[in-house]
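Protein chains in written order, with this note's numbering: chain A, 1 to 277; chain B, 1 to 315.
Bear in mind the hints are in silico, worked out from the structure with no lab data behind them.
Zero decoy hints are in this set.
Derived CB-CB ranges, DEER-like:
1) B:VAL135 - A:LEU163: 39 to 45 Å
2) A:ILE16 - B:ILE295: 42 to 48 Å
3) A:LEU163 - B:LEU4: 31 to 37 Å
4) B:LEU2 - A:LEU163: 38 to 44 Å
Positions of the beta carbon are idealized from the N, C-alpha and C atoms, including for glycine.
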Amino acid sequence: MRIFGYKPSLSAWIGIAIVGTFVFAALFAPWIAPYGEADSVSETWSPASHDFWLGTDNIGRDLLSRLIYGARTTIGVALVTTVLSFILGTTAGLLAAVSSKVVDQFLSRFVDVMLSIPLLVFALMILSMFGSSLGTLILTIAVLDSTRVFRLARSVAMNIVVLEYVEVARLRGEGLPWIIRREILPNAMPPMISEFGLRFCFNFLFVAGLSFLGLGIQPPLADWGGMVRDNARAIGFGLPAPIWPALAIAMMTIGVNLIVDWILSINARPSGASAEM
Amino acid sequence: MLRLILSRVALGLLTLLAVSVLIFVATEILPGDVASAVLGQGATPETLAVFRHELGLDRPAYIRYLEWLFNALRGDFGVALTNKRDIVTSISPKFDNTMFLAGYAALIAVPLAVGLGIVAAINDGKWIDRAANIVSLAAISFPEFFIAYVLILFLAVRSHLFPVLSTVFPDMSLGHRLYVVALPAVTLTMLVTAHMLRMTRSSVLSIMSQPYIEMAFLKGLKRSRVVFVHALPNAAAPIITVIALNLAYLIVGVVVIETVFVYPGIGQFMVDGVTKRDLPVVQACGLVFAGAFVILNTIADVLAILVNPRLRKAR
Numbered sequence: 001m002r003i004f005g006y007k008p009s010l011s012a013w014i015g016i017a018i019v020g021t022f023v024f025a026a027l028f029a030p031w032i033a034p035y036g037e038a039d040s041v042s043e044t045w046s047p048a049s050h051d052f053w054l055g056t057d058n059i060g061r062d063l064l065s066r067l068i069y070g071a072r073t074t075i076g077v078a079l080v081t082t083v084l085s086f087i088l089g090t091t092a093g094l095l096a097a098v099s100s101k102v103v104d105q106f107l108s109r110f111v112d113v114m115l116s117i118p119l120l121v122f123a124l125m126i127l128s129m130f131g132s133s134l135g136t137l138i139l140t141i142a143v144l145d146s147t148r149v150f151r152l153a154r155s156v157a158m159n160i161v162v163l164e165y166v167e168v169a170r171l172r173g174e175g176l177p178w179i180i181r182r183e184i185l186p187n188a189m190p191p192m193i194s195e196f197g198l199r200f201c202f203n204f205l206f207v208a209g210l211s212f213l214g215l216g217i218q219p220p221l222a223d224w225g226g227m228v229r230d231n232a233r234a235i236g237f238g239l240p241a242p243i244w245p246a247l248a249i250a251m252m253t254i255g256v257n258l259i260v261d262w263i264l265s266i267n268a269r270p271s272g273a274s275a276e277m
Numbered sequence: 001m002l003r004l005i006l007s008r009v010a011l012g013l014l015t016l017l018a019v020s021v022l023i024f025v026a027t028e029i030l031p032g033d034v035a036s037a038v039l040g041q042g043a044t045p046e047t048l049a050v051f052r053h054e055l056g057l058d059r060p061a062y063i064r065y066l067e068w069l070f071n072a073l074r075g076d077f078g079v080a081l082t083n084k085r086d087i088v089t090s091i092s093p094k095f096d097n098t099m100f101l102a103g104y105a106a107l108i109a110v111p112l113a114v115g116l117g118i119v120a121a122i123n124d125g126k127w128i129d130r131a132a133n134i135v136s137l138a139a140i141s142f143p144e145f146f147i148a149y150v151l152i153l154f155l156a157v158r159s160h161l162f163p164v165l166s167t168v169f170p171d172m173s174l175g176h177r178l179y180v181v182a183l184p185a186v187t188l189t190m191l192v193t194a195h196m197l198r199m200t201r202s203s204v205l206s207i208m209s210q211p212y213i214e215m216a217f218l219k220g221l222k223r224s225r226v227v228f229v230h231a232l233p234n235a236a237a238p239i240i241t242v243i244a245l246n247l248a249y250l251i252v253g254v255v256v257i258e259t260v261f262v263y264p265g266i267g268q269f270m271v272d273g274v275t276k277r278d279l280p281v282v283q284a285c286g287l288v289f290a291g292a293f294v295i296l297n298t299i300a301d302v303l304a305i306l307v308n309p310r311l312r313k314a315r
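Please put together the full structure from these sequences, using the hints given.
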């Protein structure tokens with residue numbers, strides 16, 4: 001089978017299978033999950049059994065059902081964040097590449113300062129100010145993450161702006177928005193697509209980490225990071241309850257990474273691209 | 001070369017200043033100030049005004065910033081909002097704990113990662129390189145707490161080799177402390193080793209594809225001599241940058257790991273501050289983290305200039 005005219009490698013197929021399963025679970029959660037998202041159906045931390053395949057959590061909710069619903073929130077939030085961050089970062093990056101030197105310098109130096117504060121620390125500071133609602137969470141991570149996207153978009157666009165066909169478009173008298181949309185953006189796309197996968201992984205882990213700290217997605221919504229936090233004490237009794245959601249997070253990241261690796265092997269990475277932490 | 005180093009240090013100081021402005025702006029000037037954040041929805045305009053005056057929030061922002069900065073430089077971060085304790089006295093033992101944990105992890109991780117990275121690069125494409133590649137890709141994809149809980153479940157709960165929680169006291173003996181902190185340190189080590197290994201490998205590999213290395217091979221030199229005499233001195237600069245980057249990452253990774261193991265460090269202190277919306281505490285911790293981050297990066301750049309063979313002689 002071919003996807004977009006390319007034949008996926010074995011590891012790419014594994015990645016597609018993993019991501020496909022989770023996305024399927026996220027889309028059809030209410031139909032697949034054996035129990036409700038917030039229903040207490042058994043005792044606290046009952047072991048895995050025929051009725052509850054992975055056992056139950058700290059207030060007797062079915063872990064498997066929570067995992068399936070959690071796919072929805074966790075993947076959804078990370079996806080929305082990444083899309084937003086790419087819209088912001090790419091717009092600013094392309095703008096910096098085509099604008100005057102002053103604008104470029106201003107944006108670049110500002111981003112440099114933003115980059116010299118660890119993301120997690122920055123996010124913690126902003127969340128302490130606003131409290132953690134879903135909207136603030138998405139907006140905060142998207143804005144912080146867009147600084148990384150900005151760097152790549154700018155450096156890719158810088159290499160395109162100097163090419164002849166852009167010069168031709170300029171001489172033809174096309175406006176700046178037209179040039180960005182029709183000449184630069186399509187040519188900047190290939191490196192940005194693989195970067196999208198990497199940024200998604202990063203944001204995904206980031207959201208999960210914040211939820212684990214109790215500062216991300218708030219209950220009663222099920223999400224994988226928060227599930228690890230809720231069930232953390234079970235580990236003291238030798239129960240693997242927090243391992244399952246953590247494993248789901250790990251599998252999802254590996255899956256996306258495998259797909260990204262395959263896309264990267266199709267088009268070699270240009271200079272300036274970085275899997276920044 | 002001296003000029004290069006001095007300008008790099010100046011740039012570092014400038015970045016620190018800019019970072020302090022950004023931290024202040026991010027937490028103080030955004031809509032909804034500290035007073036309304038602390039008092040919440042039920043606050044009347046009168047209580048807000050009184051509380052603002054008590055905190056000194058009714059003065060212009062730039063004056064408050066300068067005051068905050070100069071006090072911070074003198075080692076005074078003010079008092080916590082929630083319990084009115086002096087922040088510096090509560091931070092400093094936690095800072096020592098965090099440094100102990102990070103240093104512990106770094107001492108294991110740096111030699112391990114650089115060594116394995118070089119071995120992987122030399123054996124490019126052989127099984128040892130592939131194994132290192134797969135294991136490190138997996139370790140990068142795992143969230144911190146996954147590794148931590150797997151280690152706790154098997155090494156602490158099921159086989160009782162290590163304690164589940166890493167509680168440390170000031171008057172603990174060093175040996176006991178090393179034992180108690182072993183699990184978080186190993187978790188952190190696994191996290192940064194993976195990154196460092198991959199980056200070391202790729203920077204050595206990029207040096208190995210240079211023309212002068214090919215020349216050395218064509219001269220008929222032994223592989224080990226080419227690697228250690230010709231390649232490594234030139235790979236040292238990127239490797240040092242890699243190490244510093246990852247030590248900076250270590251500092252951030254500490255936040256989650258400390259929460260998992262209930263380790264009394266600065267990361268847990270900050271998360272606590274965020275949950276209680278204690279702004280001065282969050283600002284102070286943020287400044288400490290960001291400061292460590294910037295200082296590490298500056299040191300890395302200076303070291304990279306110092307070891308670069310091409311910059312060794314002033315011409």
